[in-house]
Amino acid sequence: MAEFLDSLFSIFFIETLMNGLLLGGILALLSVGLNLIFGVIDVVWICYAEIIMVGMYLIFYLNNDLGVHIIPSMIAGILFSGLVGWLTHKIVIARLIDAAPINQLIATGGLLFFFQGAAMIVFGIEFRNMGVSLGSLAVSEDIYLSWTRLISFAISGLIVVALYLFLSRSYLGAAIRAISQDKEIMSLMGVDTKKLYLLTSAIGGALAGLGGCLLVLQYDVHPFIGLSFGPITFIICVMGGLGNMVGGFIAAFIFSELITIGGYFAEIEWGYVLAFVFFIIMMFIRPEGLFARKS
Amino acid sequence: MNFLNFFKILLTSVFFMIFSFVANANKEIKIGVIFDYTGPLAGGGSDLQALGVKIVIDHFNKKGGVEGYKINAVYADAQSKPEVAINEATRLVEQEKVDMLMGFYSSAQCVPVSAKLNAMKKFMWITTCISPAVLKDRNLKYVFRPQVHGGKFGEYSVDFLNGTSKEKLGIDPKKLKVAIIHEDGPYGSGVAGGNEAQAKKYGMNIVLKEGYSATAPDLSSLVTKLKRKRPDVILHTGYNPDITLFLRQAKEQGLKFKALIGHGAGYGVADKLFDAIGSDANFIYNVDPVSIWLLNPSSIAKGLPEVTKMIGDEYMKAKPDTKTKSAHVGMGASNSYVFFSDVLPRAIKKYGGIDTESLRKAALDTNIPAGGTLLGYGVKFPKEGSSNMMGQNQMASPVVMQYIDRKIKISWPKNLQTADPVLPLPKSSPYAK
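Taken in sequence, the protein lines are chains F and B. So for the first sequence, this note's numbering puts the first residue at 42; every next one is plus one. So for the second sequence, this note's numbering puts the first residue at 160; every next one is plus one.
Chain B on its own, in the form it takes in the complex (with noise of 0.2 Å):
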């Protein structure tokens, strides 16, 4: 090789580096990123589950973002109303022309929404609706949920009751009589469906199964009503403000029972509940992912728990006036950071893009072992045509917190347990029997 022939060649490949990196580095994936951030479900959780999917998208793009792509995230206000939330989905599909959407707190409007953007074949990554609704029966090809669904909290909180009534309460499951009333979306409805299959295999007695609508500005026939039927635990799912009017009306009107079970949303924002009741708050208990601060850092895989103390520190810096982190922003993060970190980058190495397909593939390929995810479980998605719940992550499942003195403690499972639960309510609960 002549001098002028290895110029000529080195020139080339200085001329195809050059490219590649001008070409890499214009490289990036548009997200649609759909939360409440006005309404009444944005002071109810979806904020902060935003703030968790927005820290994620900033650690990754802080890192440049993955495998050459930079994360170029399209935030939009779904304004806690199904209509905004389908209009905006579709806008960003067809005007922002984004290559995904991720986020959505509100079961009703992951309902229309997904069904919309399976027609129109893009990839839907949903962080934290929760409805069974969403994902069963309805075959989607292109919808994703690595979030525990809503069947599993009902079913957790009753498998729960079961394990400890006979030994705290000294009753029998079968003659625990058990009331579920939840708001009437297809979230509440999804949990309370949960409640009362896994109650009704256990034989327990269901003495009230009602639902009301969240906005309702008086719930006091509702509180008589239980007062009526007298049962030992309250299995309830809401949003806000319709928890705390309950409880301040059952208060009011001196409705008793041993245990209230609230399941995720407004039972989830802890500092929200003892600002709103105060003390009474105390010994409530929540079904929900675990909080990630909760968790052993030694039960998740190596580098996460540095993962969670970077989320926790953004978290404390964008809501400094927080007491009690919210499991909520962890839920968000995680969720998302399962796409970041594992799906995403396969779909580019494996699948060889960022176009719907090749996101499909990939996460049809997720198979994140327990312990894998910053929440503590694992991800599988079933394969095509093996479940009635496509999309849905198999391997998700929530734990039973219990809220004392602000601080939350892990009740349910018992392997995960960081204190003894507290059952029945102590006489210092004003909602004590």
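Isolated chain F (complex conformation) (with noise of 0.2 Å):
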């Protein structure tokens, strides 16, 4: 107890909640696109880290290899990463739209393995690193925070901003959020359902793409990154209400302290038993998501 309590008023919890914050802005950013393309299209994108995990690897080849700017291949790296998803829809999502929800897992299942081979055969398994480090601001003599992170914290709440104002102000995203209500009466009034399911996939693709830019800084790309993280992004998307964009946000900061927190208390691997029993329990309390509206 007393450990406990030595443990708790510490600098370093202070420390610890900070990294908390800071690891929920990565993951709500992670969150933000699979949870906007499920609400919209209304299906799970099993390889959805794996499209991250190819818009690293065009950022590492552009910035690394070629020799261009570490901006401009963040861009580049947005842009195909929205590419990919608009190929992900066209060619794979668009068959099984009407599919039972089965076999549209099993499909971005398969996706998923076939961008971690097609990562293989052109990259190999070599784990590559752009060696750059934005270093650390100095809170106190024991604080310090990643300015990575300190970054991705800032463009996640941006990005969350960015993409309300963006479904609730612009005519498009008006659209985006009548047919994720309704996708019937869309078609029936006319509007071109499938066009629409193609900006969504483009934006969640960049929006994944995004979040390459701020993982390529902090992680080494391998072919297999997304095991690191696509689990925990889907379980937050669901803790948070699939599709609710808000409820994700927020779930991926109650995750990401509990895992810290937890971490921190007990043993490293106790912080995400802390998190999958939290995560567990809720769906026994509430299936549909922390945040989901009721039905």
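What the hints contain is simulated information worked out from the structure, not anything from laboratory work. One should not assume that every hint holds.
Covered stretches of chain F, going by a simulated chain B footprint (3 or more residues, C-beta under 8 Å) [unchecked claim]:
#1 48-57
#2 316-330
Calculated Cβ distances over 10 Å to all of chain B for the following chain F residues [as the list claims (entries may be wrong)]:
#3 108
#4 128
#5 192
#6 201
#7 206
#8 207
#9 212
#10 313
Cβ coordinates follow ideal geometry from the N, Cα and C atoms, glycine included.
Each chain sits in its own coordinate frame; assemble them with the hints.
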């Protein structure tokens, strides 16, 4: 008990809370695109984290191998991921749009292995690293916060606000919201749902690319990086209510704080145990997600 | 003897010679070689170990095989997954009808596969996976490992600290604060167990011992705890990408220490470390069997330095971008070379073939003195019933190496030292206390 209290009132607990917040920023950004796609198209992209991986590889390749400046490389990564999202819908999802959910899951699961295999063939199994460090912000003598994570946090906040404004203030956004509520009626009213689905997939892909921009600064790029983030991103989306972007955003911070606080007071693996137990309990209490509106 | 009889004998002799030649020409030993060619472990060192084994197999085949037996290697990918390793091992035995299996990088794969093969009475020659759990208290009859086991890795780094702490750090080993962090599979746990036992033996102060998943996306809590416990030395066992993630987060969060000692796997791939964190990788230590290219040629048996050179040449042909030759290739090569140059010829000549029993008996007879392998150490397996780690090479030991400007220096033991160890970390390191 004394050890627990000592840990609780330590300056390092504050660092833990801040780290949880910053990790939440990354996870929130990753979940926004997946949530958007599910909210509108009603298909879960199991391969979403692999699109992030594709974006990371392109940024790495342009910057490291071709010597392109990091900013244009990142812009290209975002655009290319958007294209991958667009193609994913055009080639695979569009053909399964009315199929049973299990077929859609299997198809996107297959894409996951396709992306992993393709990355392995093209780039090999080597771990690649940009070798870039933005350093850290010294808050106090003992607390340092990673600039990369601070930037990720700020960008994920901006993206959620921008996406909210796009969906609530623009004509296209209104159309996307409408189609997510009733796609049959929208078709009958003359709206081209296919185009809107493609647009949503491209935006979702581009958001994956944006996530890739921030991950590539912090993590090694390898064909299996998706394994570290895919399941967690999916769980966050479910916890927040699949398709509910604000819910997913908040769930990301709850999940990340549980991971870091649990990891601080006990062994680091217990942080994940705590987060997953919380998730399971919430699924019993609110299976539709923490922040889902009751239908 | 009249001419007709002489002619009959001559004809019969020629017939038997031709028959024997044809029969020998068709002789082969079919070996299943399992490594992780894909998945996170591939880039973490497994593909390099596999390359070392392949170079040696190709080398023997170019020479015409072993005692008239051509080596027919069937390579299989465990995909960094234990369940795939088990399935592939079973497939190779039951469908490909291999005579034996060789390789294996991950201890998490070795533990179940070794039990399965032993039950199937198939010979298994482990070149790499190091966890003590693979062999300890299991009394496996057909599984042999010339490689150093993980407990020794863990003990060796602490021996190094015990021998240098007072002189280099000015800290009595009993007051030295050590933190042990490790990936939580059999490999990391086995090495960490060795760290802990030896640190306790020397009375060191273990301020933290903690495992984590090698695929964890965040290690900030671990770094925070380390900052709080303020260890002098961190003993780390990991694969990749967890090692680079830890080092990056440690730097960003301002973690300071006097020394960091890694234990093989990800730490054994110096190029990757330097590519990932640049000069921050300077002065990091790694415990591994010595890189075969660092050994003084005069310290190993006649003829072996030429083999070391050949392996290095083939390595560079296969991976021309290599800046620092990884110890992984040498390990895979040396441990397979022992089998093809010593065990297999004995099985064929002394025990009459390549069946499991002959291979087992030949392995048990192995008695290579120190200096008799490419890695410098000897090879001897315990006699039946004489050890709780049957099949483990009793003469294998690692060394402590330090990375300085992409070069590898041997720091420990003192008789193999190629440079005075830099301890504590100099101020130029971002991790320096």
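Against the structure, the hints:
With 5 residues having a Cβ less than 8 Å from any Cβ of chain B, the stretch 48-57 of chain F passes the three-residue criterion, so the hint holds. Residues of the stretch 316-330 of chain F lying with their CB closer than 8 Å to a CB of chain B number 0, which falls below the three-residue condition for coverage. Distance check on residue 108(F): its Cβ is at least 16 Å (rounded) from any Cβ of chain B, clearing the 10 Å threshold; non-interface status holds. Residue placement check: residue 128(F) keeps its beta carbon more than 10 Å from all beta carbons of chain B (closest about 24 Å).
Non-interface call for residue 192(F) relative to chain B: holds, since the shortest CB-CB distance, roughly 12 Å, exceeds 10 Å. In this structure residue 201(F) is separated from chain B by more than 10 Å, as the shortest Cβ-Cβ distance comes to about 20 Å. With a least beta-carbon separation of about 30 Å from chain B, residue 206(F) lies farther than 10 Å from that chain, consistent with its non-interface assignment. Every beta carbon of chain B lies more than 10 Å from that of residue 207(F), the smallest distance being close to 28 Å; the non-interface claim holds.
For residue 212(F), the condition that its CB be more than 10 Å from all CB atoms of chain B holds, with the nearest at approximately 38 Å. Under the 10 Å C-beta cut-off, the non-interface status given to residue 313(F) relative to chain B is violated; the minimum distance is some 8 Å.
The structure does not agree with the numbered hints 2 and 10 stated previously, though it agrees with the rest.
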